[in-house]
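For this one, chain A is given, so just place chain B on it according to the hints.
Just so you know, the protein sequences line up as chains A and B, in that order. Quick note: the first sequence uses this note's numbering, first residue 914, plus one each step. Quick note: the second sequence uses this note's numbering, first residue 914, plus one each step.
If you're looking for bench data, these hints aren't it; they were derived computationally from the structure. Where is the CB? At the ideal position from N, CA and C, for every residue including glycine. There may be inaccurate statements among the hints.
Said to hold, decoys possible - Pulled a few chain B residues facing chain A out of the computed Cβ check, cut under 10 Å:
| hint | residue |
| --- | --- |
| 1 | 926 |
| 2 | 928 |
| 3 | 936 |
| 4 | 948 |
| 5 | 953 |
| 6 | 964 |
| 7 | 971 |
| 8 | 987 |
| 9 | 1000 |
| 10 | 1011 |
| 11 | 1012 |
Protein chains: 2
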Amino acid sequence: MTIQPVQAFEPPYVISVFTSVRTAEDGGYPETLERMTELVSGNPGFLGYESARTPGGLGITVAYFRDHESLALWRKDMEHQAAMKQGRADWYESYTLHIATVERSHGFVREDG
Amino acid sequence: MTIQPVQAFEPPYVISVFTSVRTAEDGGYPETLERMTELVSGNPGFLGYESARTPGGLGITVAYFRDHESLALWRKDMEHQAAMKQGRADWYESYTLHIATVERSHGFVREDG
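Only chain A is shown next, with the shape it has when bound in the complex (with noise of 0.2 Å):
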């Protein structure tokens, strides 16, 4: 399978970014993650993600949603709550979330790929 970029939606649209540096601890870790990503897909105003994460170093996670009222809805998910205090007392030493508005957006496709 080819890796893509998320592609450009059609704006406004609404993206969280979240940086991150993690902990050694990994106890959970990936399971939860899993169960995020099948749980934000049940979210119908829900676009995509995708993440990179330079080994050692900072992770960047970006959510894409339709809109605001999409965003809260999974925020306020009780599961993915849960999620997100366990990620403060074992899984990252800091992190920043930036909540945006998309205003414009074009993506580039190698012709020759």
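Showing chain B alone in chain A's frame:
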């Protein structure tokens, strides 16, 4: 030096989210990246940037600006425009750029860290 996510600035501010997959072509890339970092740092509305790349996979770069005017200045910079052109010719298989206004943000730093 401890790695730390860029802080949560006082909203509103502007983010540019650039997600990309690189080609194998590296010629000129590190030098151009260094020059672009130097150049954007001279922009009075530039707040910072951060980047993560999963080895062999997706890269995400987030740049933070005080306002859309500052970002527009950066977009119109001639050296930056030449670099973007070379990026499409040589360095990127595909990318997506999302320009957004941040409405809220917050950070977390572990107390016992």
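Hint compliance check: list the failing hint numbers for this structure, sorted ascending. Per hint list: 4, 5, 8 violated.
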